[in-house]
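Trainee: Going down the list, the sequences are from chains P, R and Y. Just so we're aligned, residue 1 is where the first sequence starts under the UniProt record's numbering, counting upward by one. Just so we're aligned, residue 1 is where the second sequence starts under the UniProt record's numbering, counting upward by one. Just so we're aligned, residue 1 is where the third sequence starts under the UniProt record's numbering, counting upward by one.
Keep in mind that the hints were calculated from the coordinates and are not lab data. Please note that a few of the clues may not be correct.
Computed beta-carbon distance windows for the label pairs [unchecked claim]:
#1 R:Tyr218 - P:Ala167: 32 to 38 angstroms
#2 R:Thr122 - Y:Ala86: 51 to 57 angstroms
#3 P:Glu105 - Y:Ala157: 28 to 34 angstroms
#4 P:Pro141 - R:Asn15: 39 to 45 angstroms
#5 R:Pro189 - P:Asp263: 53 to 59 angstroms
#6 R:Val347 - P:Arg203: 30 to 36 angstroms
#7 R:Met238 - Y:Ala86: 40 to 46 angstroms
#8 R:Thr126 - P:Asp263: 53 to 59 angstroms
#9 R:Pro185 - Y:His144: 38 to 44 angstroms
#10 R:Glu330 - Y:Ala158: 47 to 53 angstroms
#11 P:Ala151 - R:Ala357: 18 to 24 angstroms
#12 Y:Ala158 - R:Ser265: 42 to 48 angstroms
#13 P:Pro141 - R:Gly116: 20 to 26 angstroms
Computed far set for chain P versus chain R, every beta-carbon distance over 12 angstroms [to be verified]:
#14 Met24
#15 Asp80
#16 Arg102
#17 Ala144
#18 Gly156
Built from N, CA and C at the ideal position, the CB exists for glycine as well.
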Amino acid sequence: MSHEPGSPFGGYNFAYLDENTKRMIRRALLKAVAIPGHQVPFGAREMPLPYGWGTGGIQVTAAILGPRDVLKVIDQGADDTTNAVSIRRFFSRVAGVRGTTRTAEATIIQTRHRIPETPLTEAQTLVYQVPMPEPLFRLEPRLAETRRMHALADYGLMHVKLYEDIARHGHVSTAYSYPVMVGGRYLMSPSPIPAFDNPKMHRMPALQLFGAGREKKIYAVPPYTEVRSLDFEDHPFRPHRADGCCALCGSTTSYLDEVLTDDRGGRMFVCSDTDYCEERQEAAATAAPASTTPAPETEGVA
Amino acid sequence: MAYVAVKGGERAIGNAHAWLEETRRGDPSLPALSVAQIEAQMGLAVDRVMAEGACHDRGLAALAIKQAQGDLIEAAFLLRAYRTTLPRFGHALPLETGAMRIRRRVSATYKDLPGGQVLGPTYDYTHRLLDFALAAEGAPPPPPAPQAEAPQEHAPHVTELLAREGLMAREAEARGEPADLTRAPLAFPASRAARLQNLARGDEGFLLGLGYSTQRGYGNSHPFVGEIRQGSVTVCLMPPELGFEIEIGEIDVTECQMVNQFHGSKAEPPQFTRGYGLALGRGERKAMAMALVDRALMAGDLGEERTAPAQDEEFVLLHSDNVEATGFVEHLKLPHYVDFQSELEVVRRMRATAEAALRAIAEPAREEEVAE
Amino acid sequence: MMQPGFTDPVLDGQSVFRAVLEATSRPGRVQEISAGLTPPAPLHPATAAVLLTLADTETPVFSDAGAAAAEWLRFHAGCPLVAAPATAAFLLATGAPPALEEIDLGSDEAPQEGATLVLQVASLAEGGALRLSGPGIEHEHGLHVEGLPQGFLAARAALAPLYPRGLDIILCAGTRVAALPRTTIVTALPRTTTVMEG
Numbered sequence: 001m002s003h004e005p006g007s008p009f010g011g012y013n014f015a016y017l018d019e020n021t022k023r024m025i026r027r028a029l030l031k032a033v034a035i036p037g038h039q040v041p042f043g044a045r046e047m048p049l050p051y052g053w054g055t056g057g058i059q060v061t062a063a064i065l066g067p068r069d070v071l072k073v074i075d076q077g078a079d080d081t082t083n084a085v086s087i088r089r090f091f092s093r094v095a096g097v098r099g100t101t102r103t104a105e106a107t108i109i110q111t112r113h114r115i116p117e118t119p120l121t122e123a124q125t126l127v128y129q130v131p132m133p134e135p136l137f138r139l140e141p142r143l144a145e146t147r148r149m150h151a152l153a154d155y156g157l158m159h160v161k162l163y164e165d166i167a168r169h170g171h172v173s174t175a176y177s178y179p180v181m182v183g184g185r186y187l188m189s190p191s192p193i194p195a196f197d198n199p200k201m202h203r204m205p206a207l208q209l210f211g212a213g214r215e216k217k218i219y220a221v222p223p224y225t226e227v228r229s230l231d232f233e234d235h236p237f238r239p240h241r242a243d244g245c246c247a248l249c250g251s252t253t254s255y256l257d258e259v260l261t262d263d264r265g266g267r268m269f270v271c272s273d274t275d276y277c278e279e280r281q282e283a284a285a286t287a288a289p290a291s292t293t294p295a296p297e298t299e300g301v302a
Numbered sequence: 001m002a003y004v005a006v007k008g009g010e011r012a013i014g015n016a017h018a019w020l021e022e023t024r025r026g027d028p029s030l031p032a033l034s035v036a037q038i039e040a041q042m043g044l045a046v047d048r049v050m051a052e053g054a055c056h057d058r059g060l061a062a063l064a065i066k067q068a069q070g071d072l073i074e075a076a077f078l079l080r081a082y083r084t085t086l087p088r089f090g091h092a093l094p095l096e097t098g099a100m101r102i103r104r105r106v107s108a109t110y111k112d113l114p115g116g117q118v119l120g121p122t123y124d125y126t127h128r129l130l131d132f133a134l135a136a137e138g139a140p141p142p143p144p145a146p147q148a149e150a151p152q153e154h155a156p157h158v159t160e161l162l163a164r165e166g167l168m169a170r171e172a173e174a175r176g177e178p179a180d181l182t183r184a185p186l187a188f189p190a191s192r193a194a195r196l197q198n199l200a201r202g203d204e205g206f207l208l209g210l211g212y213s214t215q216r217g218y219g220n221s222h223p224f225v226g227e228i229r230q231g232s233v234t235v236c237l238m239p240p241e242l243g244f245e246i247e248i249g250e251i252d253v254t255e256c257q258m259v260n261q262f263h264g265s266k267a268e269p270p271q272f273t274r275g276y277g278l279a280l281g282r283g284e285r286k287a288m289a290m291a292l293v294d295r296a297l298m299a300g301d302l303g304e305e306r307t308a309p310a311q312d313e314e315f316v317l318l319h320s321d322n323v324e325a326t327g328f329v330e331h332l333k334l335p336h337y338v339d340f341q342s343e344l345e346v347v348r349r350m351r352a353t354a355e356a357a358l359r360a361i362a363e364p365a366r367e368e369e370v371a372e
Numbered sequence: 001m002m003q004p005g006f007t008d009p010v011l012d013g014q015s016v017f018r019a020v021l022e023a024t025s026r027p028g029r030v031q032e033i034s035a036g037l038t039p040p041a042p043l044h045p046a047t048a049a050v051l052l053t054l055a056d057t058e059t060p061v062f063s064d065a066g067a068a069a070a071e072w073l074r075f076h077a078g079c080p081l082v083a084a085p086a087t088a089a090f091l092l093a094t095g096a097p098p099a100l101e102e103i104d105l106g107s108d109e110a111p112q113e114g115a116t117l118v119l120q121v122a123s124l125a126e127g128g129a130l131r132l133s134g135p136g137i138e139h140e141h142g143l144h145v146e147g148l149p150q151g152f153l154a155a156r157a158a159l160a161p162l163y164p165r166g167l168d169i170i171l172c173a174g175t176r177v178a179a180l181p182r183t184t185i186v187t188a189l190p191r192t193t194t195v196m197e198g
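Extracted from the complex, chain P is given alone in its bound form:
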């Protein structure tokens, strides 16, 4: 083979996986794209990172990644959370690929729990790390049974669950992993992104790929594909965010993280998408060089 020990990849093949494994994953990816929202089983390999920590996303990324790609890895919307750093380091070590924190610069974005705020383009691919690919697992843990339900498009159980939520609480109690219908045929888990991010999946120009390593499933949403969050005519789906603005960039539309600033109820809100937030801060600084970034607002209990 062309990548022997002593190669820049520490004795491993380019992007770690051997070529047979990559081909197996690539075949699964093509079928996943051809059947939007359907979970394609694949022979997930043991990776040098733990199951549940992004091995599915890592295998998908490794199967598509090339030397000309620019990779961004985020966890909770942030580039420098420890697991995102660890995964980016992994790919820089085994593929020598260039990393970036800038959403617009990246050709592949691997993510856990968020979709970037900056709209993605046709030149980008979004790879989701998926812990539980089966949208029905809380209602029916048996895979043989859920496979049958998908075959028949029998999703009544999920509608009943959401309806019961509304009847009991006046709201759907699902805040993340909010189920979606893809292309009007398959019920799909969007991975544990907050429901706030669901509308971004609908007719997204970028290709969306989902990898679940431990559960050994791959699925996909092709570009410009219909992705609808389940709802009812009298209770339409509404994405929610914390009612506040970012203390760092002032955004009133981005998804916010709540940060506790003391033990007396003090808190502030900041953008979960760190790149989006930094770009807004930079833009504000350029537009008004004299002024500084807005002072963090903290609200405490009086």
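On the provided structure of chain P, position chains R and Y as indicated by the hints.
Mentor: Leaving out everything else, chains R and Y in the frame of chain P:
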């Protein structure tokens, strides 16, 4: 500030790794453990790591134990992650465990039998008293154990002896290439071969608990240890381009065959059925637990009612792997604050709705009180 | 002498795969493949590159491309070649493909087991009389295909009601690739109509 604390991941990881390495080595005034010492003196730990790491290499398993500070699940994970990078040459022919070079062999169903009972190096009848002599430095090695005189006679499987009498069904010989869980994901219902493969890699503790549950009424089992045997067997391969068998080496395994009464069904007469366990190395507890669980999982095939956790194929097989389980359980310590935030918002909204509803009930009532 | 395969199996395989992934994700968009293969006749470079990228010992291949092509595939991809279309994961057609009812379309529970047809045609270009819509397509893509077997599109359209079962098609011509996954709806405009490309 809290917000800053989750940043700077790159440096934090580097420092954490340095600290981990220092902790792993421990007190530098003490000599470092060699891999050879671990391999020779922590043999049962090495065997467990080989079994759960699904890789028969004592040296690598010992290295993994050293690297993992003796955390055997972490060590199994290291071995698996290494194993998965190795090329696959093919599959071995079925092991001839009937021709095992036996170190230990016990049957609970017969007082004596061809091949005899061989107690072997077992803790079974030791009194579990801490041996403080082992704590002393520089104690001389124990004298060699007495050797048996007679060469070992042929020791056929107990289950084979029963089968010759027609009291136990022989297993149908599997044809074609066996399933390989490392290449294709489990599908349900799983073949017996896939089930056994999964259990053989499965966590000893999980299987032990499940096996135990079948003895306590969770599943209808009446097990006897037909036989446990431990020793070395030859591994053979038949490369398609050669068309004949070649020996590629010898490995140590532990095999357990549990004999279970079966009342019979429409298709089958009353007879004994077999639960099968096999572990790489010396893994007697594992092999026994595996045999109990294997038999419990046959409930469906034998037309028995499936009511207990150990009889539930999806439940058992999808939760037996400790590398998968530990990853997913431990991933809960990764940041989840984005999802938690979305739950906070939902709970706050639901509270507001509930409180508004309570007020709506309470306020008219108060008005009525005032009116009275 | 056997013509060589990829110069760099790792990086060539990656770039060809990305072209096929892009083609499948955006049906009707034509991708250029630059792996520089010189396969035996009648294989075009794109056809050969796609098979080398996706087929291996685990994927039975049905081929109508003759002995030299079959030998080349067996040697470089290691794939078993099968005579019955129903048992193939990939079907290579340089002429009229096997009747679509003879091809494995997968099942409702495992639609991913539906085969992939690698169909070699005379030429491919974006913007043409075939109007494509469905997942991967914002409004509509036009595709020009020369050398499509007679009646092929009608036979393909007849499979649509079976979805999610179905057949995915990779069209290859020269160094070009386009795809028609099972979800793509294809309508042919009458040739006389002038189409404005958007």
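Trainee: Each hint should be assessed against the structure and marked as holding or not.
Mentor: Against the structure, the hints:
Against the hinted window of 32 to 38 angstroms, the Cβ-Cβ separation of Tyr218 (chain R) and Ala167 (chain P) comes to about 37 angstroms, which satisfies the hint. Under the hint 51 to 57 angstroms, the C-beta atoms of Thr122 (chain R) and Ala86 (chain Y), about 56 angstroms apart, fit the expected range. Checking the proposed 28 to 34 angstroms range against Glu105 (chain P) and Ala157 (chain Y) shows it is violated: the Cβ atoms sit about 42 angstroms from each other. The beta-carbon spacing between Pro141 (chain P) and Asn15 (chain R), approximately 40 angstroms, falls within the hinted interval of 39 to 45 angstroms.
Here the CB-CB span from Pro189 (chain R) to Asp263 (chain P) is close to 54 angstroms, well matched to the stated 53 to 59 angstroms. Checked against the hint of 30 to 36 angstroms, the pair Val347 (chain R) and Arg203 (chain P) passes, with Cβ atoms roughly 31 angstroms apart. Checked against the hint of 40 to 46 angstroms, the pair Met238 (chain R) and Ala86 (chain Y) fails, with Cβ atoms roughly 29 angstroms apart. As the Cβ distance of Thr126 (chain R) to Asp263 (chain P) is approximately 54 angstroms, the hint placing it in 53 to 59 angstroms holds.
Look at Pro185 (chain R) against His144 (chain Y): about 41 angstroms separates their beta carbons, and that is inside 38 to 44 angstroms. Checking the proposed 47 to 53 angstroms range against Glu330 (chain R) and Ala158 (chain Y) shows it holds: the Cβ atoms sit about 51 angstroms from each other. For the pair Ala151 (chain P) and Ala357 (chain R), the beta carbons lie near 41 angstroms from each other, so the given range of 18 to 24 angstroms is not met. Between Ala158 (chain Y) and Ser265 (chain R) the CB atoms are about 46 angstroms apart, so this pair conforms to the stated range of 42 to 48 angstroms.
Taken as a hint, the range 20 to 26 angstroms is violated for the pair Pro141 (chain P) and Gly116 (chain R), whose Cβ atoms sit roughly 48 angstroms apart. Listed as a non-interface residue, Met24 (chain P) fails to keep its Cβ farther than 12 angstroms from every Cβ of chain R; the least gap is roughly 8 angstroms. Not every C-beta of chain R lies more than 12 angstroms from that of Asp80 (chain P), the closest at about 5 angstroms, which undercuts listing it as non-interface. Consistency note on Arg102 (chain P): stated as away from chain R, and its beta-carbon is indeed over 12 angstroms from all of that chain's, at 17 angstroms minimum.
Distance check for Ala144 (chain P) against chain R: the nearest CB is about 4 angstroms away, which does not clear 12 angstroms, and the non-interface claim fails. Listed as a non-interface residue, Gly156 (chain P) keeps its Cβ farther than 12 angstroms from every Cβ of chain R; the least gap is roughly 22 angstroms.
When the structure is compared with the earlier hints, violations turn up for hints 3, 7, 11, 13, 14, 15, 17 and for no others.
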